[in-house]
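In case you want the letters, here they are:
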Amino acid sequence: MSEMWLNMGPQHPMTHGLWNLRVHIDGEVIRDVDPEMGYLHRGIEKLSEDRHYNEVVTLMDRTCYVAGLAWEHLYILASEEALHIAPPERAQYLRVLCEEFQRIASHLMWYAAFVQDIGLMTPFLYGMRDRDLILDLFQSYTGARMTYEYMRVGGVRNDVPPGFTDRARQVLDWLEPRFVEYDQLTLGSDIFHKRCDNLGVLRANDCVTQGVTGPMLRSAGLKRDLRKDRPYAVYDQLDFEVALADTADVTGRYLVRLEEMRQSVRILRQVLDWLDRHPGPVMASQLPRWLGAPYAPVGREGYLLKRNYPKGVGFSAVEEPHGEALAYVVNEGGEHPYRVKFRSPVYANIAAARHYLVGYRVADIPPIMGSVDICVGEVDR
Amino acid sequence: MTDSTTTDETTNDTTTGGSVLWVARPMATAARQFAKSLFRPSTIVYPYERLEDPKFREKVEVASGKPIGVGQIWDNYRGVHALNIATCISCNLCAFSCPDICIDMVTVPGGDPKHPKKCPQIDYGKCSFCGFCSDACPEGCLTMTTRYGLTTSKRAEMVYSPQRLYDVYRTKLPMNPIRLARPENEDSILLDPPLCIGCNACARDCPTQCITMLDVPKPEAKPGEKLPKRIWKEPVVNDSDCVRCGTCISVCPKECLFWGTRK
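As given, the protein sequences belong to chains A and B, one line each in that order.
Okay, so the first sequence: first residue is 1 according to our numbering, each after it adds one.
Okay, so the second sequence: first residue is 1001 according to our numbering, each after it adds one.
Derived from the structure by calculation, the hints contain no laboratory data.
Glycine is no exception: its CB is placed at the ideal position from the N, C-alpha and C atoms.
Careful: at least some of the hints might be erroneous.
Unchecked claim - Partial list, derived from the structure: chain B residues whose beta carbon lies under 10 Å from chain A:
1. Thr1043
2. Met1144
3. Ile1178
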């Protein structure tokens, strides 16, 4: 009678969202796991088919609510390819600025949630406090703290306000010593090592067969980063390193994410310098009129089909904070995308739970699943 | 130790020290932070101190320390809308551009009885604060303010009538300063002359009064041919005043107006 199935979730502090981890336990030891997703399905892909290209951006912020700008970037890259539009270079730099700040904010959010999972309450507050500075920066130029709606097909909504780059540099100057403090708070503590070392080991070949990407893959020692391997936007003009670890365990994922934040700071300094030196337009000129979503609402149905606007298919791959996110947009000539499809990295990372949970103990589940960095919004879409 | 930025050095240093000091090192870091926060708190007492109040905004900016310079609500925050009823031209563009279909155009007093003036009414139960409506507004009369508290105990109170939005406008909260440039190659309203019956509906309902009805010569009827029964006038659109709302297209009974590039 020591064997049983245990439901962790759908409402459990470990899940960080709505999903259910069914665990087959033998005493304290995990024999099998069965992740169940789908509690947060909102039909975002189907909803996108009924909206204008720009209006889909409002859904992207809700797809992943801790990395909204990265998902906006993903969708916009795919739809621009489908619509044959090239954004100006300054807009691309602004998008990279958004994505890297979002990466730091997302990793800080992860840090705060993860250390709380393993019982450290104090670093949680520091992570959230420092993330707030980035949200303030976002608000100063996008107008919102979480649902940004900043990117548009053909560019971005508006340029950064005067003095923004200096404020952003101040935040980066503030953040860099904080990373050292984070390490002192966690790696310096024996409790952290006792709870995290050699836990949830997932080697590189298992990662590849299970489609696990992002910091989990890099913590296994495989150098795979879409920003390097398949450069999009202006990443090929920026100088940075891919964060790597070789332990493939929870501590390794922690190290990779901390190093990624440092590399993001490095990228951001280059981007801010570029933005200072190169003023210019942030929106492509000569866009088809209907792309500015609000204009000409009446009589626009079938407008493009009448005009024989070229059809197209767009595909984009973005190294999102959680892993590799892919998007596929089909333009059949109408005002709405004909089909939108996303690949969520966290979905694959959770689905492989059997490969990194079996054999460990029940008390190890929170740190292991915490190290996956779960955002259920993008899992279920 | 504090100077090291690379992961390897930090890791080695702290792991070796960690086994000896157990949790002394993180506790020292936390104690240092605690001492700092005594003089420089990172938070405000929310319900009593609100960021949109300039008084507290200043306090937070000072409190969060000069190295940050953030911790305030910027003027381009997308909060509750403000509507200036006086300059609203009832062009419907806000309602059309809303992705969540939460804007209704409702009648407000002040218009002439035959063609009442309509202004946006916003259902905040549905609104996603994306700002497309204020981006679309050609007159700048619908903007977004820094107000964000919308708590209420009745669902009906989530619906803001034009008058309530005007009340927000009158509080003189900071408004979103960002005005988007209009697209360069906007299409114009074109006319298909043989279909037009000169009914004046487009000119009558045009919110900017940019359509004028000009006389067209009445052709001579050939023997045996019947002239169409119509008024011999045709609309001419002034493109520089047109806000591209499409009202004329929607009211045209003969569907003779359409979007196109003016030659």
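Hint by hint, here is what the structure shows:
no., hint, verdict
1, Thr1043, "holds (9 Å)"
2, Met1144, "holds (8 Å)"
3, Ile1178, "holds (5 Å)"
Violation of the numbered hints given earlier is absent; every hint is satisfied by the structure.
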